[in-house]
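Those protein sequences? They're chains A and B, same order as listed.
Everything in the first sequence is counted per our numbering, starting at 3 for the first residue and increasing by one.
Everything in the second sequence is counted per our numbering, starting at 173 for the first residue and increasing by one.
Please note: incorrect hints may appear among the correct ones.
[To be verified] What follows is a list of derived Cβ distance ranges for each label pair: (1) Val25/A to Lys221/B: 26 to 32 Å; (2) Asn36/A to Phe186/B: 56 to 62 Å; (3) Phe56/A to Ile188/B: 39 to 45 Å; (4) Ile7/A to Met321/B: 29 to 35 Å; (5) Leu215/B to Phe56/A: 31 to 37 Å.
Derived by calculation from the structure, the hints in this document are not laboratory data.
Computed from a predicted structure; not experimentally measured.
For every residue, glycine included, the Cβ atom is placed at its ideal position computed from N, Cα and C.
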Amino acid sequence: MDAEIAKLYTTTLCLVPLCFVAVSLAWIFTTAINAMARNPSVVNDIKGASILYFAFTEAIGLFALVVSLLILFTA
Amino acid sequence: MHSPLEQFVIKPMFHINVANVDISFTQSSLWMMGGIAFATFFLIALRGKNTVPTRWQNIPELFYELVYGMVASQIGDKASKYVPFIFTVLMTVLMGNFLGLLPYSFTYTSHIIVTASLATICLTIVTLIGIVLHGWHFFSLFLPKGVPMFMAPLMIMIEVISYLSRIISLSVRLFANMVAGHTMLKVFALFSTMFGIGIGIAPMLINVCFYALELLVALVQAYIFTMLTCIYLRDAVELH
């Protein structure tokens with residue numbers, strides 16, 4: 003198999019875990035909304051914390067993106 | 173057609189060569205000086221040092237309240253010793269992320285060398301604070317309480333590797349967010365130039381939404397970098 007074709011296959015394969023990242027993000031916000039609905043007095047705390055947790059999970063997705071870019075654009 | 177990753181190439185503005193070492197003044201250095209100029213604006217705004225802040229004095233006080241709240245939520249009452257360090261970290265990362273959103277500018281935190289150096293310096297300072305405060309007892313951080321003795325070598329190895337991987341996670345998180353954001357903006361801008369005036373409006377409108385997302389990401393990533401440094405500082409100061 004050619005090196006160029008192998009690079010393209012690997013890049014695509016490397017981005018498949020983003021499905022799990024998407025599910026994790028949806029889970030975070032679903033539980034946040036549920037908690038805010040059950041206990042309206044902690045709405046502000048949960049709102050502040052959920053942005054933080056969103057960024058941590060997003061970082062994992064971006065690690066996958068960085069690996070795929072590394073494979074695609076270097077030897 | 174140009175590649176969307178071409179915007180991250182460093183171009184020197186004035187070539188300076190000292191004994192075969194290239195220390196040119198690049199566009200990255202220019203925008204770092206822009207960040208320093210913002211900090212100088214803080215110094216000028218705090219000139220009067222009024223107890224009741226004037227209008228300009230409110231801006232640095234806003235940032236000070238933010239940083240003091242972050243440090244105090246982790247460390248508690250001895251927070252004011254560490255506020256200058258955390259304030260510097262916040263301002264560096266925030267200016268790096270924000271100034272890159274102006275037209276024709278450059279995001280200096282979009283290079284892994286800048287964020288890795290920043291993360292290494294922050295975590296070295298935090299480790300040194302821990303060692304100065306606690307002496308050799310600092311290394312009890314790596315052996316949590318209540319671990320049976322036969323598992324201790326494995327536990328220590330895992331904890332040390334997890335401590336060293338904080339540098340990588342901190343730097344790659346910031347770098348990847350900045351690169352991904354700006355690459356997206358560039359890709360949609362290239363679509364706009366390809367399609368011309370008529371259909372080219374659609375990618376531009378998508379770009380407007382992504383620009384708003386990039387503003388949010390710039391703020392949030394600076395907040396997260398600083399918050400994680402505060403958490404690691406608490407780990408070093410309180411050792412559990």
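Hint by hint, which ones does the structure fall short of?
1 and 4
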